[in-house]
Amino acid sequence: MHTLYNFVSGPLAWLAFIIFFGGSIYKIVSMMKLAKKKDTAVYEYWDGYYALRSILRWITPFATVNWRKNPVMTVVTFAFHICLVIAPIFLCAHVLLVKEAFDISWWYLPDGVTDIMALIVIFSCGYFLYRRKTKAEVKFLTSSSDYWLLLMVVAPFATGFWAYHQLFGYNLMFILHMLSGEIMLAAIPFTRLSHMLYAIFTRGYIGSEFGAVRHARDW
Amino acid sequence: MGEPLLKTETRDIGLDTGMAKLTPEKIEKVINEVLENETGAKLKVYVDTCVHCGLCSEGCHYYMSNDKNPIYSPAGKVKQTIWEILDKKGKVSPEFIRRAAEIAYTECNLCKRCAMYCPFGIDVAYLMLVVRRICHKLGVIPQYIQDTAHSHAATMNQMWVKEEEWIDTLFWQEEEAAEEIENLRIPLDKEGAEIMYSVIGPEPKFRAQLIYEVAVIMNAAGLDWTMPSMPGWDNSDMAMYTGDNELMGRLKKEHFEAAERLKVKKIVMGECGHAFRSVYDMGNRQLGWKMPPVRMVHALEFYYELFKAGKIKIPEKYSKGVTLHDPCNVIRGRGLHEMSRYTVNKICSNFIEMTPNREHNYCCCAGGGVINCGPPFRNKRVVSDRVKAEQLMAAKEKGAEVVIAPCHNCHGGLEDIIDHYKLDMELKFLCDIIYEVMEKPE
Ligand code: SF4
Ligand code: SF4
Ligand code: SF4
Chain A
1 MHTLYNFVSG
11 PLAWLAFIIF
21 FGGSIYKIVS
31 MMKLAKKKDT
41 AVYEYWDGYY
51 ALRSILRWIT
61 PFATVNWRKN
71 PVMTVVTFAF
81 HICLVIAPIF
91 LCAHVLLVKE
101 AFDISWWYLP
111 DGVTDIMALI
121 VIFSCGYFLY
131 RRKTKAEVKF
141 LTSSSDYWLL
151 LMVVAPFATG
161 FWAYHQLFGY
171 NLMFILHMLS
181 GEIMLAAIPF
191 TRLSHMLYAI
201 FTRGYIGSEF
211 GAVRHARDW
Chain B
220 MGEPLLKTET
230 RDIGLDTGMA
240 KLTPEKIEKV
250 INEVLENETG
260 AKLKVYVDTC
270 VHCGLCSEGC
280 HYYMSNDKNP
290 IYSPAGKVKQ
300 TIWEILDKKG
310 KVSPEFIRRA
320 AEIAYTECNL
330 CKRCAMYCPF
340 GIDVAYLMLV
350 VRRICHKLGV
360 IPQYIQDTAH
370 SHAATMNQMW
380 VKEEEWIDTL
390 FWQEEEAAEE
400 IENLRIPLDK
410 EGAEIMYSVI
420 GPEPKFRAQL
430 IYEVAVIMNA
440 AGLDWTMPSM
450 PGWDNSDMAM
460 YTGDNELMGR
470 LKKEHFEAAE
480 RLKVKKIVMG
490 ECGHAFRSVY
500 DMGNRQLGWK
510 MPPVRMVHAL
520 EFYYELFKAG
530 KIKIPEKYSK
540 GVTLHDPCNV
550 IRGRGLHEMS
560 RYTVNKICSN
570 FIEMTPNREH
580 NYCCCAGGGV
590 INCGPPFRNK
600 RVVSDRVKAE
610 QLMAAKEKGA
620 EVVIAPCHNC
630 HGGLEDIIDH
640 YKLDMELKFL
650 CDIIYEVMEK
660 PE
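Chains as they are written, first to last, in my numbering: chain A, 1 to 219; chain B, 220 to 661.
By construction, these hints were calculated from the structure, which means they are not laboratory data.
Wrong hints could be hidden among the right ones.
Said to hold, decoys possible - Heads up, simulated DSS-like pairs for lysine-lysine below, C-alpha to C-alpha not over 30 angstroms straight-line:
1) Lys-37(A) x Lys-472(B)
2) Lys-641(B) x Lys-33(A)
3) Lys-287(B) x Lys-509(B)
4) Lys-287(B) x Lys-139(A)
5) Lys-356(B) x Lys-36(A)
6) Lys-69(A) x Lys-599(B)
7) Lys-139(A) x Lys-263(B)
8) Lys-308(B) x Lys-36(A)
9) Lys-33(A) x Lys-248(B)
10) Lys-287(B) x Lys-38(A)
11) Lys-69(A) x Lys-287(B)
12) Lys-641(B) x Lys-139(A)
13) Lys-135(A) x Lys-641(B)
14) Lys-133(A) x Lys-509(B)
15) Lys-37(A) x Lys-287(B)
16) Lys-539(B) x Lys-641(B)
17) Lys-287(B) x Lys-133(A)
18) Lys-36(A) x Lys-287(B)
19) Lys-424(B) x Lys-647(B)
20) Lys-69(A) x Lys-615(B)
21) Lys-617(B) x Lys-599(B)
22) Lys-263(B) x Lys-133(A)
Stated by the list, open to error - Estimated spans, in silico, between C-beta atoms of each pair:
23) Ile-25(A) x Lys-248(B): 44 to 52 angstroms
24) Ile-25(A) x Arg-230(B): 49 to 57 angstroms
25) Ala-101(A) x Lys-245(B): 38 to 46 angstroms
26) Leu-442(B) x His-81(A): 30 to 38 angstroms
27) Leu-172(A) x Lys-509(B): 56 to 64 angstroms
28) Thr-242(B) x Leu-4(A): 34 to 42 angstroms
29) Met-152(A) x Lys-248(B): 33 to 41 angstroms
30) Asp-306(B) x Leu-167(A): 55 to 63 angstroms
Since the structure is predicted, the reported quantities are computational estimates derived from the model, not experimental observations.
Glycine included, C-beta positions come from ideal geometry on N, C-alpha and C.
Could you build all of it, start to finish, from the sequences and the hints given here?
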């Protein structure tokens, strides 16, 4: 158990971060290069002002027609994404870990808050699953990879929650928590989780086209 | 894999014979050529970014009109075509290609409404154009639209109009007009004129009165204008919609060059949406022009400028209740919605908005070349735009008797919708009304 712990919290963690950062940079740079070669229009029509206009619109809850049309999804997806990013970065235990290892630290959230955030992520994933299963238009688009993706995202939060509350078998859960977190991190650049990297480009590009060329709104 | 949801297809000679000539090897080769040479980061990123959330569904009138059948959702159409093609690396069957062609050519108007509903702004119209490009290269194209592309290739216009036929039509309209207004001219090939006026192929063929009306408007406004007698007069472009990008480039070159030869300051074009997309968005890009080399003014902008400058007088406004259709290609494509409203309010006293409107207006379901795929697909097209009929109905209940559709395709599409759903509404171009109510010189 102990060696496994050391392995998962040591080399594997390093590896996960390297794959995440390296992979992300690689993906973005290679796509930019490919675009330069094959989709020059993307560079030609990119317009910072309109790209930002579109991005800001779409990251504001209820600011677009479609966000307003789907209030439940809007609330859930915004809450989910905020918690997903904020909770792990500002979790007290994570901050302490980093301080111990590298002697750098930052502000952190009270445990009660991150606890609720973890629950929000877990329940949001439940909602996404429910949506996939019940809504015909989502079901039609769903393949097994979508379920794996969901599992990959929910796992670190569910196991983290479990371990934090010292429920039955929490030592094992703790290891699984680290492992699943590492898997998710490493998977971001190479699965559809990469929408996290690409979203600003796709949104920004259509925003540029709509704004600067078509003189129309895109929300 | 959703197989049972796939519908039986409509018979079409172009699709059927095209499919019969395919072999798996040819399909694989062509697909990989297109993917390799003509697509890049855009396609990859769109496919990787789509999280299969289905939020784009309600953006599409096909989906909304067919009882929310998921095969018609924007991402649903991508799933049935590009995803599968990429998954199988081009190893798909002739039947698959036929179905993909039917989806891309007849179940999507390339109207880009869904891009305003997808949180990532994924451009499904672009993806459907990639499918059309593949189908074009494989020769699996609905017969009717391919015929118009052939016409473009052979005559440089969409309707097999011969050169003398074109000139005759203009003379004939000039004569007609002269009965009403003495000295009215349709100046041909006038070098150095300020405006070159261009129209789509079907105008001289079926709707010559529109040229007449515009001639009267130009005359009343005292404008220095001309029309080319040589090829290049037709600004339409079905090649853009069949996936024949090379032909699209040829057509646009001819059109721009006609203007360059005549040394005009700008091209004003008639009330057509797809032609505007072709000169302003797609054809120019094919030729390497970021923006068109000549200033392109769509009719809606042209009328707006005329009224803004007070060049046309309206003694008495049109009094019937009117509603206004927003053609995707010049609204989502060029943002002319406020200009068209300005004009409508100048000439009509009773304007009733239909909802949703402006950028969110529903397409007429004729666009993207769908109406040009002809009779085999007419029924599907009309049934697939029930939401448009409901939109019109609601406007009618508020008192609209007339629908203004400032786009040729929209006109055709709405005509069928009005007929099928028994809406009993009149359909007009904007210039029909301007002509009717304007003050005409003697
Ligand atoms: S018809 Fe319009 S809304 Fe529907 S998929 Fe095509 S582009 Fe999108
Ligand atoms: S295209 Fe956009 S809205 Fe549609 S399923 Fe994909 S990510 Fe969702
Ligand atoms: S025909 Fe009209 S409504 Fe339909 S796509 Fe073209 S511009 Fe849009």
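Checked hints:
1. Lys-37(A) x Lys-472(B): 24 angstroms, holds
2. Lys-641(B) x Lys-33(A): 54 angstroms, violated
3. Lys-287(B) x Lys-509(B): Distance of about 38 angstroms is beyond 30 angstroms: violated.
4. Lys-287(B) x Lys-139(A): Holds. Lys-287(B) to Lys-139(A) sits at ~13 angstroms (cutoff 30 angstroms).
5. Lys-356(B) x Lys-36(A): 25 angstroms, holds
6. Lys-69(A) x Lys-599(B): Since the Cα atoms of Lys-69(A) and Lys-599(B) sit roughly 27 angstroms apart, the hinted pair holds (cutoff 30 angstroms).
7. Lys-139(A) x Lys-263(B): Cα-Cα ~23 angstroms, so holds.
8. Lys-308(B) x Lys-36(A): Distance of about 24 angstroms is within 30 angstroms: holds.
9. Lys-33(A) x Lys-248(B): Within the cut-off at roughly 25 angstroms; holds.
10. Lys-287(B) x Lys-38(A): Given pair Lys-287(B), Lys-38(A) is violated - Cα atoms ~36 angstroms apart, limit 30 angstroms.
11. Lys-69(A) x Lys-287(B): 15 angstroms, holds
12. Lys-641(B) x Lys-139(A): 36 angstroms, violated
13. Lys-135(A) x Lys-641(B): With Cα atoms ~33 angstroms apart, Lys-135(A) and Lys-641(B) exceed 30 angstroms; violated.
14. Lys-133(A) x Lys-509(B): 45 angstroms, violated
15. Lys-37(A) x Lys-287(B): Since the Cα atoms of Lys-37(A) and Lys-287(B) sit roughly 39 angstroms apart, the hinted pair is violated (cutoff 30 angstroms).
16. Lys-539(B) x Lys-641(B): Roughly 19 angstroms separates the two Cα atoms, so the pair holds.
17. Lys-287(B) x Lys-133(A): 16 angstroms, holds
18. Lys-36(A) x Lys-287(B): Roughly 39 angstroms separates the two Cα atoms, so the pair is violated.
19. Lys-424(B) x Lys-647(B): This hinted pair holds, its Cα atoms lying about 18 angstroms apart.
20. Lys-69(A) x Lys-615(B): 25 angstroms, holds
21. Lys-617(B) x Lys-599(B): 28 angstroms, holds
22. Lys-263(B) x Lys-133(A): This hinted pair holds, its Cα atoms lying about 27 angstroms apart.
23. Ile-25(A) x Lys-248(B): 44 to 52 angstroms: Given about 35 angstroms between the Cβ atoms, the range is violated.
24. Ile-25(A) x Arg-230(B): 49 to 57 angstroms: 52 angstroms, holds
25. Ala-101(A) x Lys-245(B): 38 to 46 angstroms: 59 angstroms, violated
26. Leu-442(B) x His-81(A): 30 to 38 angstroms: 55 angstroms, violated
27. Leu-172(A) x Lys-509(B): 56 to 64 angstroms: With a Cβ separation near 60 angstroms, Leu-172(A) and Lys-509(B) satisfy 56 to 64 angstroms, so the hint holds.
28. Thr-242(B) x Leu-4(A): 34 to 42 angstroms: 55 angstroms, violated
29. Met-152(A) x Lys-248(B): 33 to 41 angstroms: For Met-152(A) and Lys-248(B) the Cβ distance comes to about 37 angstroms; the hint holds.
30. Asp-306(B) x Leu-167(A): 55 to 63 angstroms: At roughly 41 angstroms between Cβ atoms, Leu-167(A) and Asp-306(B) fall outside 55 to 63 angstroms, so the hint is violated.
The structure fails hints 2, 3, 10, 12, 13, 14, 15, 18, 23, 25, 26, 28 and 30 (numbered hints given earlier, in ascending order).
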